[in-house]
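Colleague: Model the placement of chain D on the given structure of chain Z, informed by the hints.
So the sequences go chain by chain: Z and D. Under full-length UniProt numbering, the first residue of the first sequence is numbered 1, with each subsequent residue one higher. Under full-length UniProt numbering, the first residue of the second sequence is numbered 1, with each subsequent residue one higher.
Calculated from the structure, these hints are not laboratory results. Nothing false has been slipped in among the hints.
With a straight-line Cα cutoff of 30 Å, these simulated DSS-like cross-link-like pairs (lysine-lysine) come out:
(1) Lys641(D) <-> Lys681(D)
(2) Lys406(D) <-> Lys159(Z)
(3) Lys489(D) <-> Lys159(Z)
(4) Lys367(D) <-> Lys501(D)
(5) Lys418(D) <-> Lys367(D)
(6) Lys614(D) <-> Lys232(Z)
(7) Lys947(D) <-> Lys235(Z)
(8) Lys614(D) <-> Lys252(Z)
(9) Lys595(D) <-> Lys367(D)
(10) Lys406(D) <-> Lys153(Z)
(11) Lys232(Z) <-> Lys489(D)
(12) Lys252(Z) <-> Lys947(D)
(13) Lys454(D) <-> Lys525(D)
(14) Lys1019(D) <-> Lys280(Z)
(15) Lys1004(D) <-> Lys252(Z)
Some, not all, of what chain D presents toward chain Z, calculated at C-beta under 8 Å:
(16) Gly469
(17) Phe927
(18) Asn935
It should be emphasised that the depicted structure is a prediction, and the values quoted were computed from it without experimental measurement. Beta carbons: idealized from backbone N, C-alpha and C, even for Gly.
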Amino acid sequence: MDPFSSEGELLTIHNLFHGGRYSAVINHDTSGLSAENSIPSRVYKIRSQIATGQAAEVAAELEGEDSPDLAVLKAFAEYSQGNTEDAIHTVESLVGSSSDNATVQIIGATVLHLEGRSEEALTLLSKHQGSLEAVALVVQIRLSQNRTDLALKEVLNAKRWAQDSLLVNLAESWVGLRIGGEKYQQAYYVYEELAQAPSTSTPSALIGQAVAELHLGRLPEAEVALQQALEKDPKHADALANMIVLSILAGKEPNEFNENLSLLRDAAPSHPFLTNVAQKSELFDRAAARYTARVRA
Amino acid sequence: MQSMLTKFESKSSRAKGIAFHSKRPWILVSLHTSTIQLWDYRMGTLIDRFEEHDGPVRGIDFHRTQPLFVSGGDDYKIKVWSYQTRRCLFTLNGHLDYVRTVFFHHELPWILSSSDDQTIRIWNWQNRSLICTMTGHNHYTMCAQFHPKEDLIVSASLDQSVRVWDISGLRKKHSAPTSMTFEDQMARANANQADMFGNTDAVVKFVLEGHDRGVNWVSFHPTLPLIISAGDDRNVKLWRMSETKAWEVDTCRGHFQNSSACLFHPHQDLILSVGEDKTIRVWDLNKRTAVQSFKRENDRFWVIAAHPEINLFAAGHDNGVMVFKLERERPAYAIHQNNLFFINKEKHVRSFDFTQNIQSPSMLSLKKLGAPWVPPRTLSYNPAERSILVTSPADGGTYELINLPKDASGAVEPTDTKRGTGNSAVFVARNRFAVFNSSSQTIDIKDLSNSTTKTIKTPTSINDIYFGGTGCLLLCAPSTVILYDIQQKKTVAELAVSGVKYVVWSNDGLHVALLSKHNVTIVTKTLEQVSSLHETIRIKSATWDDVGVLLYSTLNHIKYTLLNGDNGIIRTLDETIYLTKVKGRSLFCLDRQAKPKLLDIDPTEYRFKLALVKRNYDEMLSIIKTSNLVGQSIISYLQKKGYPEIALQFVQDPQTRFELAIECGNLEVAVEMAKELDRPKLWTRLSAEALSQGNHQVVEMAYQKLRSFDKLSFLYLVTGNIEKLNRMAKIAEHRNDYTARFQNAIYLGDVETRIQMLKEIDLYPLAYVTAKAHGLNEECEAILEASGLTEEDIKIPEISVPTSPSKAIVPTHQKNWPLRTASQSFFERALLGQVESMAIEDEAPSGTNGFGLDEYADNGKRFNGDLLDAEGEEDVTGWNMGDVDLNLEQADELAVETDGAGVGMSEAELWARNSPIAADHVAAGSFETAMQLLNRQVGAVNFEPLKPRFMEIYQASKTYLPATVGLPPLVNYVRRTVEETDSRRILPAIPRDLESVRTNDLRKGLAAMKANNLEEGVKIFRGVLHNLILTTVQNESEVEEAKKIIRTATEYIIAMSIELERRAIENDKSQVKRNLELVAYFTKPILELPHRQIALMTAMRQAFTCQNFVLAGHFASRVLANSSQGKNAETARKIKVRSEREGKDAIEIEYDQFAEFDICAASYTPIYSGQPFIKDPFTGAKYHPRYRGSICRVSQVTEIGAPASGLRLLAQ
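Pulled out of the complex, with its shape left as it was, chain D reads as follows:
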């Protein structure tokens, strides 16, 4: 039997009554010492104490919806309390002896009480009156309860009977009728009195006799017509009732002392009872057999209560209460890549696909696993064998190894199950699993046939084992975690972490989160501690984000922690869940009913912190810009982490802004905020910071604000600002502040003022000395005269030459001192828009554009986008070639060959035989046949340019696997037909497939055109051609696409070559005509629209400059036809108007705008329609016939006009 899971225990005097709050994690406990305690059993804290009863309190109950509870005690009193105001609201007096139980009605404002005065009473707590007294029991009534739905009451008494009462009459009377006759009113007014004798409101329906001693407790089944009672005869009796009668069904025997209380399990077919024999017993409702029992050493149990909604019970005993649950609610589950495997409440194995958010039907039923009422504990999944290991705590721990069916076809019983005993079982390798036996402290390593291959004695006493990376186990001991190598049978690493219960590996397998009840410890795969954190609330589960953030759930929160230990709350929870996977904003979990759920979370905060830790400023910036990430927590976090300048971006509050600005030395903001707040303290701090930065203008302002005159004076002195210093002297005079005047006079070196001032305050001796020292004899005389003294009266000490204050050498007051550079991070600059790369990096700077067209960059961008859209649909990988036709004749031949001894055919040879594609022959190393094929297909004759491509394909065709020492590596052949094993269908992988050409090279080529980098462009496009001549594709549409890319590349090569040719002669005056012709031909090849505009604009300008107005007009019209808006169109329009006015060409060139013609790719002259021409078999470029037999100028590989069958790219 599994043991019960204790969730909370309190220590107190004897607990006589218990009540659960239906929503909050609270429990009320009434004690034998007159105290009522309110506990938070989740936190384990005592919330409140209520002490107004005199003597033991036995009855206690929470109201379902109101913030009320009721208690009844040995002082005969029933008290109704508010737990909000924390005081007793009123007392109901009436009982004449101890009150045993009190209960609220589930909907009516009634309280039901039972008492040793042999009565059961119903009270209305709204008008605080007694509305019914039920007599009939002839000994103490120990317990009375309302039926959860019907108008029934059940009571138990020491008179050995259980009674069921019908109170429908009472309800009728108290449910307000719409109109009342006089008689009714009379009857009602006298109701209480009448009841005293008549008992008409509540009548005994059944009297259940069967207990041989007094009955202590009784309760109704929540849904079925069943009653359970517990008595001093040590029996728990089950009763059934119908409309008309009630009878005893069975007795649960087992308690060997008085049984004090009992109840039905709210959701399962179980009965729970407690007794003075110090046990809690669980019984099967249907079989009335004992399922489980739990014994305390010393404490007799007095009461048991069930939580109305969740799987939680509480039992009160001699020394307090214990809150417990009967079974683990954690579902057994395992995660492999994008799949979750779990066992639901029906013990069915199911899977869940995270990518599609779909739950599979049941795959297996594990009904027979373990014992009934005992859910499986863990599940381990083996992807290689598609099998699962399930453990169950039943029978001292068992495990089963089961293969999952290929398809989920319903809850079938597993066939071919292998089982054994053990407390934990996990897969440790593809074909091995470890079984831990707690009692013998051994770990058996078993193979898939369930036979033990080796046995390991655990290095210390451990509680559990977990997968520890391939070939290793993590052993969880009470105070340490050990990484244990199974093969070497030794401890690899050990870390002191206590009480680890669960282990969660990160997706990349580099980190592990060790979860204990209140701690999360993150360690590396070699068990080096990375970080650790403590939670006051129990930790339930955890899962890793792909970016290396651990999300974990406590009883009431989902939280996150970064690897460095920074953590925070993501959201609160209403119910306990078990996290399984997080993907972006989606958090997958299992609830306690083992149903997969999807929660929406906001990962912004931890993404932001992660970006901060990784100094990924771009990401931080984008998070700041796109989300409303504010809040005190993030600000203090940033401040703590030393990023005040970033925190500054979030804050509105001026005080905080000021603090942050000072911290990061951002004076501008600090000044602004100081002005707004205008408090002396702030100015003082500002002045200090400004001074340390050397910004004395801010210092001056701060001093002015502070009216700190002496400091100002000194500042003016050191900055050499004499003018202001003079003004300070004036101010001092004005203020009658002699000290300040004296000081300023000294700073100014102004002796007269000093003497004057000394005289004013009658300090003649000092004035005299001052005058004397400065040799102002006349003044001396005047002083003597004024004071009536003679020179002899004054004894003057030896006077040295007076010094005058040194003057500032550089009058720095005009400008600030060189400032200390305040830290301005990348981030701040980015926010100020100084980092240009962020928003505009895609656009080519127009200055580098040789064509000088402004719209161009935009067009180019749009064009790229179009290209993507148009071709993005086909998602080819180039690895799977699809089906290849099977060649039967060759198959026979092959079968014969492989039978005999001797050397076989290498895979390379097979490739060459299986494929008509040149690229495949190259991969096979059969260069001769490859060349032959190319020669026949596209007339290739000059192979030199293709050599890099040949070697590239060949080099990538094989891998080298080190095998037996001393021998060369085994060579294996890389296939694009990864899933194929039929030797007649296997084909080589060809690097740089169509996809890569499309997404890389082609793009680069177009970008080169955009950037006016024509030599490079020609090279890139030619590279595209050389790549595509040796490639393979997957289907017909890709063949078409490849041909299209070949045509595009060809057109661009021709266009770029024409323009390059033109540039070579551009400045040659004698070639003006040719120049103009070439620029006109440049407009001929079929380019993408924006590039055609470039050609046309160039041609238009050239023609216009050469005063070929008609021609310029023609190009202008074509420009306008393509786009009638923008700067280019504007220019074109002007040129067109001008051209039409002029109406003639200065130079006659060979370009007929009305005729149809192509451009010869060798001579760059027109081939008018009707004229003979000759084509290159590969590129399709046209040439004048005289070029027949020479090498194509575009591809540089193929021979113009060679007979050719066409390029093959598809293997069929």
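In isolation and in its complexed conformation, chain Z is listed as follows:
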């Protein structure tokens, strides 16, 4: 039986993980699981630990483990700590030796994509066998390449065999938010459903809802959702970034969102919002310097 099916043992932990409830994953009781599922559940736990910033502990814990699952996770933990060169090296060798391992595929592709080697990541992921996570990752990589068409193809493909999976729904929403029009509303429904159910109401679901509403032009509603997200996690970088975007769109004065800006700077100094803005600010100065009035006043 598919362990991820609605009756499977791993469904809960799978949904918790992809719903972004990492602490719940870590605390999830896996003692009753059958032997074949103990590795996947451990993988989820370790990934959750890394996601919650415990990469160092994970790296220490996995010292000396040589199964491909754990080795690639260890490499990823090191990568997350900034020790990229060794990590990439390990990943490369694991990709070479056990590219049919699901964890190696996911983590390997993540690292490769982060390194800008997206095509290699896609090649690796193409070897997956019915892994929804791999599909989601492919979709995200395609979207980051601005290949909405290919992302959509991937989603439609996956929908044929996994219509109701949370991940497929999410991936479809990601694509929908790129396509726009009616798809905004559909994406909204997906996130709203997640955000409003107590068991899946996480900051990321709320942010998803807010983003969809924002794209639909429903600013006050989006603001409510973002505030809820920030209530749950006051330092959520994406929530803060979107809140700033929303404040500007709503015509607020800079002093009304400066606080969020400084919170974002503290929480995630390398958030794309900040790096983009800094980059553009430089660009502005450079570009503006090319123009001068003929007569100095």
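Modeller: Showing chain D alone in chain Z's frame:
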């Protein structure tokens, strides 16, 4: 089959007769024990009992219009009663055996009775006489009824026949003819006698034979020529008649014991019958097949009656009566935002738009759903898929999932219907619904293709399920409500509330109202109880106001409850309705015929209470001021809630006013009311309250009113009011009150008076001691002498030094003590007009106005209003850009690109390609091209001031969606073309559109001018320019508007700059000429009228002060030309007169009032017409040619005289 809905049951001895009141919720029950009961079946209360018959009472009927009823019993008597006076009015004697039935005629003053004496009689209850006796049956006549319209009677007898009688002759005889011949009169006088034998007034028309045993009951169809009869042969027979004959149509077989009564359903094609087999049976009139049956365990049924108007029946059995209805009348409906979806009586699905108050045509016909005669029970709507789930109780519960057609095109049969069995079905998510199966106690979660994705076993035995927020269900168990998470398959919360039948979510999804038969429980979305209330009358429905007030309907009222449980009545109801939505004063509902209705309600009371609870005093104040919100309920409510001071505002009655005033410590009102009422009790209470506040002047008055002398004296003592204390002593003397005199003397420390008084009452020893103690030896002697005693006779105890009363240190009697601050709420102050912010906050205080012009504020206000009016018509949102031309060449190019692998084009790049507008390029992050565009379009060269605007637009262009863990968020691009998916037409959203500039910045700028805050004003207007240089609009008219705003901003910047320049040199004596010139130029820019007046008035005064009378006169004329009334005009007129008299200028300045000229925006000098000038390409500000190539002083961005193609704001 659905079961019957029992509404009321009584317990008594055997019920033989039943009658419904046509208007009130009353039912009369005649019992085998001689009692007649009057019940209110809605409240379930016994209203009255009538016990004058001897033995069983079988016949009973209400009069349709009069407060009368009639009864007939085994004592052979027919009694007519008044239920108002609660007594028997008279008795009709004549029958010779048991009276079986009695009925009033629907219009004539007749009573029809049937009796075991084999006769049927007609009585006139007005003159209390027997007018007709019908003989013919040869056994007991068990039942006789009038035809509801025609002059016919039908009767049933144990002789196995049913007879139809024609009584038109009787009617003719008794309808008063205009003139009567002697013969007629004779005939009439002898009528009764003749009838005894001739039976000419009532003749048998048809004799219906068919029953094999005696017939117990018979009745006419209300509209069709049909008769139904029930007999001891256990059959119910249907008969039809024409003018000339009558025949048996069919027999309804099913009762397995004697059938005792039957009738036609008043509105539907159904027959109801009851029998001694303890069943009530329902038959289809057209097919004569059994539709439904209901069985009681032990009680045989004897009688059945139908309510004449509403869907309600009553059946009498061995142990009482039951009132019931055959089907639910609650229409199935669902509400989504501003739409109501419902199923009407024809089983058609319709929608109703609350905003437009329009009902759609039928969208679907659900004729085939469930079974005939069984209306659908519930409807659930899915907005994402535009589909509905309908449940029907038929066949043990079924549901159907149906897609609604896009447009309502009539009652079409649905195609593609998915169905299954289940008792309840609700959508729980966009693509999921839950089906509850009561018998197996399971809930199936199904997807839209109707396949089960999971099955949940209910945690306890439940009755119904409701939507419980996304992914959750509310399970209604008999004594609890459970919030159940479908995904985790677990109970999230549980609350003990019994018998919840309906669930109503608030519009914001934060609260739920749980309705049971008699309780409303409000809970949060996590099932925490907020409040609960009990109603004695059944609760039918509820809906939430947007402000968080629950409106609910009972059988006869619409009521409201706030979240804190405060509730009240909004209005009464004549008929049961189902509330669907409330919007301001409009309350939408469905009636029992499933027709949408709109009721007008007065929300003032609950709005007021809500404002009170939220302490929103402004709103309360405005409610008090604008509505007549009075009434005992609101007063006691306010008092109870601890707001006596507010209640005080509503009350006129002095007694209540006094109570309230005391409660809130408002002495002023209390004194006023006490004076008006002048009762000792009130003065006492007033004095106590005043004392506790320290207001001894009021205390004094109260004591005076009470003639409470001793208290007064003490009050004077403690306040040090010696003068009054003396007066009190005088009064005491006057009153001959020795105790009081003594007391006052002590207070005053007046020994002589004391001794004097003691002497007066012959208490010489005491007088002596007093004198002795105070060392008044002479007095001692005198006392001894007067009393005839010697010093030796008196034994004096050891005397210490006498104390005298301490004097008040501060003579506080002149003023009150420091008062305890009586609570004076914001509210009271507001009512007293002390809160200034309320009415006048819009007007700038004239003191801050540097120009000191009084009219100015008013003008400014009016001006703002004008601006609003003129420009308010265009309602732009800035998000929809409308159609954008499609660029074919680019389209081809794009199509090729997207096919291959590799990296695609980001949406930002598409934006830049799709638009020629600088703002769109900024949003795309393509700053270079944006600058290029601005440089070409408006000659922009100095971009630094635009940096905030650049960054603002850029920052708002993208959102960040967290996706796969460990990867950066997915970036999405915010569009103003929300509905567009064609990549060649999508365009970015630009923050702060024209609308926002118009409503915010421009207004602020004008306000700054009004407030004489010029530096700020220049900054704001320049901000407007910097905003508009990078913006987009929707259409040509907005382009015009944007240009107009740019011009306005430019004029104001120039005007303000001139004035600022002038102020810098104002006090420089050497610059008087320049000062005067600048003030004159200040009048030049085209400002709004009130602002122009400011400039002109300033100029006029300056000119006048400098004795440039001609100039001052010129400005005065211009002031007057603009406005000839008001203070300014007055001043202007005076100055004009004076100026004309003087007729010369002291200083010659460069200002020719007759010449046409513009002001150079850099040098603030005139550019006379004909002189060369140069313009700024963006603002249009004019300059002397020498400024060519420098940066525009107004915009600070563009280059004066640069070649430019003009600003583009529209994407086409």
